[in-house]
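S.K.: Residue-level listing of the chains:
There are 2 protein chains.
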Amino acid sequence: MSFLERLHHCTISDLTGFRPWSIGKAQIGWLRDDVADTLRRYPSVFAVGDDAVVLQSHLADFDHRTAAVGEVVRALAELGIVQGWRNESFAVVADYGQPPLLRLERAAVPVFGVRAYGVHMNGYVRDGERIKLWVGQRAPDRQIEPGKLDNLVAGGVPFGLDPMTNLVKECAEEAGIEEAMARRAIPVGAMSYRMLHQGFLRQDTLFLYDLELPADFLPTNIDGEIASFRLMELEEVAAILSDSEAFKFNVAPVVIDFLVRHGYFKPDQPGYADLAIGLSAFQTPR
Amino acid sequence: MSFLERLHHCTISDLTGFRPWSIGKAQIGWLRDDVADTLRRYPSVFAVGDDAVVLQSHLADFDHRTAAVGEVVRALAELGIVQGWRNESFAVVADYGQPPLLRLERAAVPVFGVRAYGVHMNGYVRDGERIKLWVGQRAPDRQIEPGKLDNLVAGGVPFGLDPMTNLVKECAEEAGIEEAMARRAIPVGAMSYRMLHQGFLRQDTLFLYDLELPADFLPTNIDGEIASFRLMELEEVAAILSDSEAFKFNVAPVVIDFLVRHGYFKPDQPGYADLAIGLSAFQTPR
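Protein chains in written order, with UniProt numbering: chain X, 1 to 286; chain W, 1 to 286.
Certain hints may be false.
[Stated by the list, open to error] Straight-line alpha carbon distances no greater than 30 Å define the calculated DSSO-like cross-link-like pairs of lysine-lysine that follow:
hint: 1; chain 1: X; residue 1: Lys25; chain 2: W; residue 2: Lys169
hint: 2; chain 1: W; residue 1: Lys132; chain 2: W; residue 2: Lys169
hint: 3; chain 1: W; residue 1: Lys148; chain 2: W; residue 2: Lys132
hint: 4; chain 1: X; residue 1: Lys266; chain 2: W; residue 2: Lys132
hint: 5; chain 1: W; residue 1: Lys148; chain 2: W; residue 2: Lys25
hint: 6; chain 1: W; residue 1: Lys148; chain 2: X; residue 2: Lys132
If you're looking for bench data, these hints aren't it; they were derived computationally from the structure. Quantities reported herein were computed from a predicted structural model and do not represent experimental measurements.
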């Protein structure tokens, strides 16, 4: 798979089989048709039409919405539709930075096709003019993409945390990076995609960070999510990206973006602009 | 104008009034209808249809295409359609990195709506954790956007030069940067846009570079294209971008991209992801 194909791998354009669902005028997510039809069982919470689903308007504030949708989510878990309960909740927002409309169990986020937010941090070391990238390997017991290669630090932004506070927390848990160092991470952009994942429509926005680490830094995983770390030459990173699917599906574009921003690719290489711009083209409207 | 509007300012989506033109199967550019109709006068060179224009297929190699189109361009200059002869030529390619199909006088590039390639370099200085950006002001006699603010170094890629060789040349001419320093510039991405400019369809791909300069570096313009330079705090750069149209139309997105990549904007600022992704969304397919 070429670098460009690797990017387009994260994109879905045909939404046949999914129905949008809204809270008031704000479109919040996408429901697979069979899930939408299951929601007909909860008419006091959802008004289910053949083309669209709307949250009942009497659920007019955060607490009522959270309670009512929460009951439906627990019922969907008993039906086996919501799987892998995380006991962790995400904020559902019309747009990032807007007040949350409700709080949703993380395991239900893909089922409701709700946009989730994450932080991904490239940890790197300079060696003269050269750069090396810290790459983690996900633990074999991870629910999503076990054993795949990952950024040094990454995680979903849970309810109530801003991206930098979440990054500081994940830096400590995933790589043993102390707060003072974590706060030196530089926000370098964002990435947004919409894709099919395990049969549901997954919509994510990732906030991207770079952190330059001292040459003698050694990451230590605390939370058991990463099995091992390795400091890789960019040539090795690029070879793995182009020859295998070893990187987690959404980490591949984050790392390609890192390679582009740090000059690993050169403009006179065929396809350079397509790749640098492809990073964009693969992104979906939010 | 918001940062996001500044980006979309560089985009055209409605191509009514323009006709595509091709060489063989490769679509090369867009001709305004009146220009296309004028080309009916040169039936040995162009086959002009109501919806599309094709270069006559007997013009089967680089030399013949360059000579025949060159004659038409000179005739269009006499008609006043091609203005501001530059005596500098650009390569016309189906795709960057492909062998050139012909060589075209630079002044004719917008008239034929042909994709042009440029290099833009952000020259910056670190002051502890802070970054300052060198900004040039274009000379008052420039044909395009006189007096506007510009990158430290920028220029079109002329026929026969690769982007880095052209950057080294422009670094010397526009800012007095010596070759050894210029070659330390890091390619950080590309930008592509299609817009109306002076009545024609302008399609550009810019190769973007960052160069970190020593604190005591002072740029010196040699070629008269830049009237003055100033080292600006990023806060001042951002204020100018959001409050005025002082930056050249295509430099504004290059500088916004610089601000995003270097962490000037923070993910918890409202609209962060829209801006970082908007940089992409404003880009057009090549």
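S.K.: For W/Lys148 and W/Lys132, compute the direct alpha-carbon distance and say whether it is at most 30 Å.
M.R.: holds (19 Å)
S.K.: For W/Lys148 and X/Lys132, compute the direct alpha-carbon distance and say whether it is at most 30 Å.
M.R.: Violated. W/Lys148 to X/Lys132 sits at ~39 Å, over the 30 Å cutoff.
S.K.: For the pair supplied as a hint, W/Lys148 and W/Lys25, is the alpha-carbon distance within the 30 Å limit?
M.R.: Since the Cα atoms of W/Lys148 and W/Lys25 sit roughly 39 Å apart, the hinted pair is violated (cutoff 30 Å).
S.K.: For the pair supplied as a hint, X/Lys25 and W/Lys169, is the alpha-carbon distance within the 30 Å limit?
M.R.: violated (54 Å)
S.K.: Does W/Lys132 lie within 30 Å of X/Lys266 when you go C-alpha to C-alpha?
M.R.: holds (25 Å)
S.K.: Checking one constraint from the list: CA of W/Lys132 to CA of W/Lys169, max 30 Å. Satisfied?
M.R.: holds (24 Å)
The structure shown violates the earlier hints numbered 1, 5 and 6.
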